[in-house]
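Chemist: So you can see what is in the structure, the chains are spelled out below.
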Amino acid sequence: MSQLIWNGLFVGSFYGLVALGYSMVYGIIKLLNFAHGDIYMLGAFGGFAVLGLLGGVIGTTSFVALLIVLVIAMLLTGAFGVLLERVAYRPLRGAPRLSILITAVGASFAIEYGVRLVAGPNPRVYPLRIGGESIDVLGARITWEQVALIGIAFALMIGLNLYILRTSEGRAMRAIALDPKASLLMGINVDRVISRVFFLGSALAGAAGVMAGAYYGKIDFLMGFVIGLKAFTAAVIGGIGNFPGAMLGGLLLGLLESFGTQWLGGEWRDVFTFAVLILLLSVRPTGLLGERVTERV
Amino acid sequence: MATTTNTGTRTRPGSDQNLISRALSSRGLGVAALAFALLFPFVIATPYALSVMTSAAIYVMLAVGLNIVVGYCGLLDLGFAAFFAVGAYTSGVISTEFDIPILATIPAVIVVTVVAGLIIGGPTLRLRSDYLAIVTLGFGEIIRITANNLDITGGPSGIFGIPGIDLFGLDLSSPAAFYYFVVVVVTIAVIGAARLGRSRLGRAWRFIREDEDAAEAMGVHTYRVKLAAYIAGAVWGGLAGMLFGVQLTAISPASFTFLQSALILMAVVLGGMGSTPGVIAGALFVSLAPELLRGAADYRYFAFGLILITVIIFRPQGVWPVRAREKERPDQGDPDPHGALAKEAIS
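So the protein lines, in turn, are chains E and L. Here the first sequence stands for residues 1 to 297, numbered as in the UniProt record's numbering. Here the second sequence stands for residues 1 to 347, numbered as in the UniProt record's numbering.
A few of these clues could be false.
As the list claims (entries may be wrong) - From the derived model, a few chain L residues whose C-beta atoms are all more than 10 Å from chain E:
(1) Phe42
(2) Asp130
(3) Leu167
(4) Val183
(5) Thr187
(6) Arg200
(7) Val220
(8) His221
(9) Leu292
(10) Gln317
Claimed, not checked - Pairwise CB distance ranges, derived in the manner of DEER restraints:
(11) E/Ala79 / L/Arg126: 49 to 59 Å
(12) E/Ala79 / L/Ile106: 32 to 42 Å
(13) E/Arg141 / L/Ala254: 33 to 43 Å
(14) L/Ile152 / E/Lys181: 28 to 38 Å
(15) L/Glu97 / E/Ala79: 52 to 62 Å
(16) E/Leu288 / L/Gly122: 18 to 28 Å
It is worth saying that the hints were derived from the structure and are not from the lab. Think of the CB as a built atom: it goes at the ideal place given N, C-alpha and C, for glycine as much as any other residue.
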């Protein structure tokens with residue numbers, strides 16, 4: 001039982017990390033960034049490439065190595081996110097929402113199969129594994145690497161939350177989320193803030209990608225699709241556009257999956273997850289922490 | 001209701017005064033396309049070409065079905081392959097398990113897809129666009145995983161040995177005969193969908209697409225009307241699934257992934273949402289481009305993604321929109337005119 005909860009929390013912290021990027025982008029420009037999961041994949045591959053380049057210098061087993069690779073991969077994916085927004089989304093800022101969503105689907109295709117062109121269709125073995133023996137906590141087997149990964153995930157989430165709530169850039173983001181036009185009139189450089197949002201969201205997804213690569217030990221070019229779907233689900237469960245909601249949704253989704261696997265078997269896990277999602281949305285259409293939407297006519 | 005009718009006629013496609021757009025939406029064009037489709041086997045009749053053309057025709061049917069949901073009614077469905085799968089599996093399971101001719105399974109296909117449309121539409125159509133998108137996506141995955149895990153659907157290996165079509169003792173299982181059969185069915189489906197779009201119900205769909213709150217206020221029963229769009233789309237998709245199963249004589253869950261849903265949606269959006277000729281062109285592009293790009297092998301889907309982004313950036317309304325010149329939407333620059341979603345600000 002406590003093992004199930006632990007596994008759920010562990011997977012859930014990854015989901016939460018990716019979901020935050022989803023939620024941020026959605027909160028600001030109301031775009032479902034379908035390519036977000038692929039940026040996670042890109043992060044894993046970026047980390048892979050960085051390790052290939054620096055492997056001799058920083059070693060492949062230490063925790064420090066993980067942190068260095070993590071930071072470089074975050075910078076890379078962040079920059080890619082900014083580029084993506086600039087090329088694919090900004091020209092469509094005023095277009096109907098469906099059009100932007102379709103470009104996001106197109107971007108997702110292009111990233112997935114672009115990586116496939118570069119890295120090949122076969123899964124790659126991640127060279128970085130962080131070792132550590134397991135300890136026993138309340139009957140659950142917990143490894144230090146898991147604790148470390150969860151620690152990093154939460155540190156990133158809390159850091160982002162502070163950034164959003166305490167800094168003037170964060171306030172600009174919240175202002176744009178409320179009313180882009182008024183923010184523009186008040187002298188906020190909307191384009192720059194949106195670029196920054198993409199940078200942060202993509203960097204978080206990239207970090208999750210590197211951590212998943214280091215933990216599971218295998219990466220492939222389609223790994224982003226499923227996690228993107230899960231992160232989207234997590235963001236929706238928590239109430240999309242809502243920050244604590246994304247984290248809560250991620251953890252909840254991880255727990256749901258963990259228990260779904262236990263009760264129904266691994267092959268029905270995703271059916272269980274989506275069924276719960278559909279049920280939840282029909283009861284609470286805006287997610288757990290989402291505000292009730294009052295319609296203005 | 002009089003107000004509804006007035007608003008409807010103004011946006012009615014096909015009744016534009018512009019000469020070019022009238023030519024493009026005229027019946028002559030459709031007849032020409034049909035003639036081309038019918039004459040095609042006389043030009044190239046290799047089994048490969050026929051099978052590619054048959055797949056393209058099935059795609060047209062799928063795209064026209066999804067167009068009812070997305071194009072007419074403005075509901076984003078990211079799991080349309082689910083209805084495709086439901087239709088294919090229903091006819092496949094019934095015809096192979098009970099040894100029934102495939103055409104006799106049509107009523108069952110219709111009933112099951114309507115039920116599927118009700119199940120997914122019933123509880124979820126009260127949701128607004130993005131939530132609807134994720135729910136339909138989840139539904140698509142549920143159907144695929146279920147087909148992958150059940151015994152009756154053959155698990156991951158699927159169903160094989162689906163019989164060919166036998167119409168009043170006429171064997172239509174040869175590639176050319178089956179091609180003609182598909183062309184006829186798809187033509188009927190296209191005309192049916194276009195007529196539905198011009199009907200009273202179709203006007204209500206477009207009204208909901210343009211402004212759901214106004215439609216509600218004007219007395220359109222939005223929930224019921226949206227459900228009708230869903231069910232119509234589901235039936236079209238299900239029948240296309242049946243044709244698909246017959247064409248390949250085998251189906252497996254691998255044919256009904258999110259990729260498939262995305263491709264169909266792409267056909268609708270690339271062509272121009274809500275425009276019948278546009279959607280047909282989009283479906284032909286989406287189904288034929290991979291064949292034409294086959295030489296590019298690995299670059300195929302990569303190029304596909306880039307093409308998609310480029311087309312949308314330069315023609316956000318699709319290549320062949322409903323009207324030659326789409327009226328500027330009043331909410332330019334504000335993707336959410338009602339500010340409903342903006343209220344869920346980052347807290």
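Chemist: State for each hint whether it applies.
Modeler: Results for each hint:
1. No beta-carbon of chain E is positioned within 10 Å of the beta-carbon of L/Phe42; the least distance is around 36 Å.
2. A Cβ of chain E approaches the Cβ of L/Asp130 within 10 Å, the least distance being about 6 Å, so the stated non-interface status is violated.
3. A cut-off of 10 Å between C-beta atoms confirms that L/Leu167 is not in contact with chain E; the least separation is 38 Å.
4. With a cut of 10 Å on Cβ distances, L/Val183 stays outside the contact zone with chain E, its closest approach being about 28 Å.
5. No beta-carbon of chain E is positioned within 10 Å of the beta-carbon of L/Thr187; the least distance is around 27 Å.
6. Even its closest Cβ contact with chain E, about 24 Å, leaves L/Arg200 beyond 10 Å, as expected for a residue assigned away from the interface.
7. Residue-level check passed: L/Val220 sits 14 Å from the nearest beta carbon of chain E, beyond 10 Å.
8. Remark: the non-interface label on L/His221 is consistent with the geometry, its nearest Cβ contact in chain E lying 17 Å away (cut-off 10 Å).
9. Distance to chain E confirms L/Leu292 as a non-interface residue, since its nearest Cβ pair spans about 17 Å, more than 10 Å.
10. Chain E draws L/Gln317 into its interface by the beta-carbon criterion, the shortest separation being 8 Å against a cut-off of 10 Å.
11. A C-beta distance of roughly 40 Å is found between E/Ala79 and L/Arg126, which places it outside the suggested range of 49 to 59 Å.
12. Between E/Ala79 and L/Ile106 the beta carbon distance is about 54 Å. The supplied range of 32 to 42 Å is therefore violated.
13. The hinted window of 33 to 43 Å between E/Arg141 and L/Ala254 holds, with their beta carbons roughly 36 Å apart.
14. The hinted window of 28 to 38 Å between L/Ile152 and E/Lys181 is violated, with their beta carbons roughly 55 Å apart.
15. Between L/Glu97 and E/Ala79 the Cβ separation comes to about 55 Å, which falls inside the hinted range of 52 to 62 Å.
16. For the pair E/Leu288 and L/Gly122, the beta carbons lie near 22 Å from each other, so the given range of 18 to 28 Å is met.
Checked against the numbered hints above, the structure breaks hints 2, 10, 11, 12 and 14 and satisfies the rest.
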